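Novice: Since the structure of chain A is already known, use the hints to place chain B on it.
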Amino acid sequence: MNGNLGDILVVVGNETINKTLLQILTSLEQQVRVVNEARQALALIGAGSFELVLFFAPLPDMTAQEFLARIKDTGGTDAVATIVIGDPDQGAELEQCLRAGADDFLITPISTGLLKARVQLVLEHKRLRHKHEHRIESEELLKIEHDIQIARRIQAGFLPETLPNPDGWNVAARFQPAREVAGDFYDAFMLSQNRRLGFVIADVVDKGVPAALFMALVRSLTRAFAQQNYSFNWADILETDTLAQPFARKQTRTIPSTGTMALKNAVQLTNNYITENHMQDNMFATLFFGMLDPATGQLAYINAGHNPPVIFDGKGNFKLELKPTNMAVGMMPDTKYSIEFAQIDPGDFIFCYTDGVTEARNAAGDFFMENRLFEVLARPIKTAQELVDQVYATLQDFVAGAVQFDDITMIALMRQPEDSGKP
Amino acid sequence: MSKIVSVHSFRGGTGKSNTTANIAALLAEKGMRVGVVDTDILSPGIHVLFGVQEEAMVHSLNDYLWGTCNVEDAAVDVTANKGSSEKGKVYLIPSSMKTGDIARILREGYDVGLLNDGYERLIKQLNLDFLLIDTHPGLNEETLLSIAISDVLLIVMRPDAQDFQGTAVTVEVARQLNVPLMLLIVNKTPSIFDSQMLKQRVESSLRCDVAAILPHSDEMMALASEGVFVTKYPGHPMVRLLREVLDRFHQ
Chain A
1 MNGNLGDILV VVGNETINKT LLQILTSLEQ QVRVVNEARQ ALALIGAGSF ELVLFFAPLP
61 DMTAQEFLAR IKDTGGTDAV ATIVIGDPDQ GAELEQCLRA GADDFLITPI STGLLKARVQ
121 LVLEHKRLRH KHEHRIESEE LLKIEHDIQI ARRIQAGFLP ETLPNPDGWN VAARFQPARE
181 VAGDFYDAFM LSQNRRLGFV IADVVDKGVP AALFMALVRS LTRAFAQQNY SFNWADILET
241 DTLAQPFARK QTRTIPSTGT MALKNAVQLT NNYITENHMQ DNMFATLFFG MLDPATGQLA
301 YINAGHNPPV IFDGKGNFKL ELKPTNMAVG MMPDTKYSIE FAQIDPGDFI FCYTDGVTEA
361 RNAAGDFFME NRLFEVLARP IKTAQELVDQ VYATLQDFVA GAVQFDDITM IALMRQPEDS
421 GKP
Chain B
1 MSKIVSVHSF RGGTGKSNTT ANIAALLAEK GMRVGVVDTD ILSPGIHVLF GVQEEAMVHS
61 LNDYLWGTCN VEDAAVDVTA NKGSSEKGKV YLIPSSMKTG DIARILREGY DVGLLNDGYE
121 RLIKQLNLDF LLIDTHPGLN EETLLSIAIS DVLLIVMRPD AQDFQGTAVT VEVARQLNVP
181 LMLLIVNKTP SIFDSQMLKQ RVESSLRCDV AAILPHSDEM MALASEGVFV TKYPGHPMVR
241 LLREVLDRFH Q
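Chains as they are written, first to last, in our numbering: chain A, 1 to 423; chain B, 1 to 251.
The set of hints was computed from the structure by calculation and includes no laboratory data.
Computed from a predicted model, the values in this text were never measured in an experiment.
Don't be surprised by glycine CBs; every beta carbon is placed ideally from N, CA and C.
Just to be clear, a hint being listed does not mean it is correct.
What the hints assert, rightly or not - Here are the computed distance ranges between Cβ atoms for each label pair:
| # | chain 1 | residue 1 | chain 2 | residue 2 | range |
| --- | --- | --- | --- | --- | --- |
| 1 | A | ASN194 | B | GLU54 | 36 to 44 Å |
| 2 | A | THR394 | B | MET1 | 47 to 55 Å |
| 3 | B | SER225 | A | ALA224 | 49 to 57 Å |
| 4 | B | ASN178 | A | PRO308 | 29 to 37 Å |
| 5 | A | ALA224 | B | GLN53 | 40 to 48 Å |
| 6 | A | ASP281 | B | MET1 | 36 to 44 Å |
| 7 | A | ALA295 | B | LYS232 | 48 to 56 Å |
| 8 | B | MET1 | A | GLU340 | 24 to 32 Å |
| 9 | A | ALA295 | B | GLN53 | 30 to 38 Å |
| 10 | B | ASN178 | A | GLU370 | 39 to 47 Å |
| 11 | A | ASN371 | B | HIS250 | 54 to 62 Å |
| 12 | B | GLU54 | A | GLN149 | 53 to 61 Å |
Looking at chain B on its own, in the form it has when it is part of the complex:
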């Protein structure tokens, strides 16, 4: 059965979108059909990682919400080696980058029930094994909905006091929403930190499993969101750590 994985962080700048893109690419590499929905409608961005130009977006999630297209019409094939006959695929459903479209969402809101129906339809129409949801930081309606319907919730945080407090809130909410599997990814860890000690500290204070402690990476910084890291640096030690996260999905 297909799985819905939401990737969330309480605060911005934790590497949430990069983590989502990396996990999508790794799942496709394993032969999975993956959909990625950018529900960060007010500040979209993950399309940049997949190299989707604004002009190339014929439709966006916004068009679906406004009833001008079906949700699968907004899907863009962003599989790394598109031409290959590999079974694995990544489809991105981007949110619109047009100022007017973002303003319209702010002004009118939208029926969040559409998101839920849209997720189910995407899974069916694109025959997906995994649907990844890149969420808006903090708690808002679409984030709560996405968390509530997830089979797996990945919470990305930095080893930072602000993130600690914020993540505690997300963990609490996810518990109340009865998410079947909740995993933490500690990202951008300075090299002077002891991973094992950090893992224990996070797990005991947040009472939630840590799936990976990812080191701060100069290569990632240098890539500056102009590509998906695991595709550009397949041999990097970080890739192995991310693969271990995928293994946890079948828990």
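The following block holds chain A by itself, in its conformation from the complex:
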């Protein structure tokens, strides 16, 4: 088990090195280097791969304690082993050296057998210690790896197991974290007794574990708040001095219709919770929440700083971009989120994505960009699944194996054309 052994450095000081000593050391199958001064020794230790330093006390250019301390500094936990050699009347000094970190000592005159035994013992000890430290380190790494794998599984549980597919619609999504865990998420679920389809796409600033923790929080809050019916919006009207918008009944959009309370609660209350409890973490999420009436194709939405989802018609024509209505969730306490509306006609689809799609880079450092994405979206496509698959495949072709920098997430909802039957 000789392995990759280092060399032995001997600092002789004013002593003359005795030939026998050299012979003994060489016989240990080690390279031996001899210097006179401590400074020379330190320079060599810093640059080379010495395993053991033998030195005679006292040293000509610094105290033995200082020498030992500086050896330690250069090597950290992998510091070379040290044996100090002194005269029989130097007991006190040798003792000090042991306290300062020397591994062992020898008294002159040096007996051959003793030297050999000591050197071997010290080296053996050092190697064992080295191995042990590395094992602990790799055990810890394994433990972290294991935890991350569990985190990945748990995070997968934060994504919907199945996507709702109300009559006349099909829904598909794709989620590809840049690392083991991601700060993106998507969600889709039915609300108001199956009368509305709520869907969400979000991107937490940052990546990896911190973003994943925050993603879990945002996803849980939005879903929980969307599913509770009580609202505070009416009370707001009564508490403020401002008048409500002048009301014309046919403009039903100015007042709550089915699902809009849930939409507002989900985004506004999540923002309130985060800004009240996690402001110091400086975390926020861009989030798009759509509330779709599958029967009519009417979409109510809040876009909290997320890159705009797009609506295309069945013939590949771009129709509409759903621009941000407000700032990201978690940025400003008490943000009042406003609801916008859009229409998804038969044959249309809506495609939502995170910037990991458009900002994916190939090996040359070029971005995928919106124009490449829109080219794919304009191709004739029959189902949401096909759409998401095509975008992903085109993206993979483009990056061609380059390292993924950001999480890639997308969700698409497609409304079947009127003349087609059920899927």
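Specialist: Relative to chain A, chain B alone:
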């Protein structure tokens, strides 16, 4: 264009449901198609006036809110002379009287947006000229919504100090919600009160038009909610006063 009329009172027992039923019957008599929604989900009652038995309710507003039926499926034809070929009709959308259903509303709440969509759908599906909303007393979410979407808000009150204060709150809220037309009906007025003086007093203190001062009526009390008053006593002086209220709707 069809009109939504909400009938509200800040406190209970003012005669809100009786007023709603009477106005519905009078509008139908004029050939109007009228829908009446009982949004007093926690304490329903107007179905009694129209003689709808609990067993006869196949569906209720509750079923619509829980997604088990369309809102028009809960409508019951309660037109006074049902058999006639008259154009006028009254449809009632009752709330459930089952204890379990009321408890479920309390426990789960519901999406009030459904009410708004339901009103619009009723008007369309039943081809209504008027939709009357009988509300829960006081202020809660469905009441606020109903007030907010009304073309006309009728506030029923008694000449009573408690009602005065409460009505002031409703009037204030309705102003903030920008209701196009708001009218007061002072109900159960003792015969010793001078109607004209009372009207002036109410209008000046609440700064809101009074559409009618209705006298306390022994006949109404004796009817004890077992019928719609204007149908039972078409010649009663109160009927003329109520008709005058309808005339104000076109203001």
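Novice: Taking the hints in turn, state whether each one holds.
Specialist: To see whether the hints hold, each was checked on the structure:
1. At roughly 28 Å, the beta-carbon separation of ASN194(A) and GLU54(B) lies outside the given 36 to 44 Å, and the hint is violated.
2. Between THR394(A) and MET1(B) the C-beta distance comes to about 51 Å, which sits within the given range of 47 to 55 Å.
3. A hinted range of 49 to 57 Å is violated for the C-beta pair SER225(B) and ALA224(A), which are about 43 Å apart.
4. Under the hint 29 to 37 Å, the C-beta atoms of ASN178(B) and PRO308(A), about 33 Å apart, fit the expected range.
5. For ALA224(A) and GLN53(B), the Cβ-Cβ distance of about 41 Å falls inside the hinted range of 40 to 48 Å, so the restraint holds.
6. About 53 Å separates the C-beta atoms of ASP281(A) and MET1(B), a value inconsistent with the hinted range of 36 to 44 Å.
7. Checked against the hint of 48 to 56 Å, the C-beta distance between ALA295(A) and LYS232(B) comes to roughly 43 Å, which is inconsistent with it.
8. One distance hint, 24 to 32 Å for the beta-carbon pair MET1(B) and GLU340(A), holds here, with the actual separation near 27 Å.
9. At roughly 33 Å, the beta carbons of ALA295(A) and GLN53(B) sit within the given window of 30 to 38 Å.
10. Checked against the hint of 39 to 47 Å, the C-beta distance between ASN178(B) and GLU370(A) comes to roughly 42 Å, which is consistent with it.
11. As the Cβ distance of ASN371(A) to HIS250(B) is approximately 58 Å, the hint placing it in 54 to 62 Å holds.
12. Roughly 59 Å separates the CB atoms of GLU54(B) and GLN149(A), a value that falls within the hinted 53 to 61 Å.
Checked against the numbered hints listed earlier, the structure breaks hints 1, 3, 6 and 7; every other hint is satisfied.
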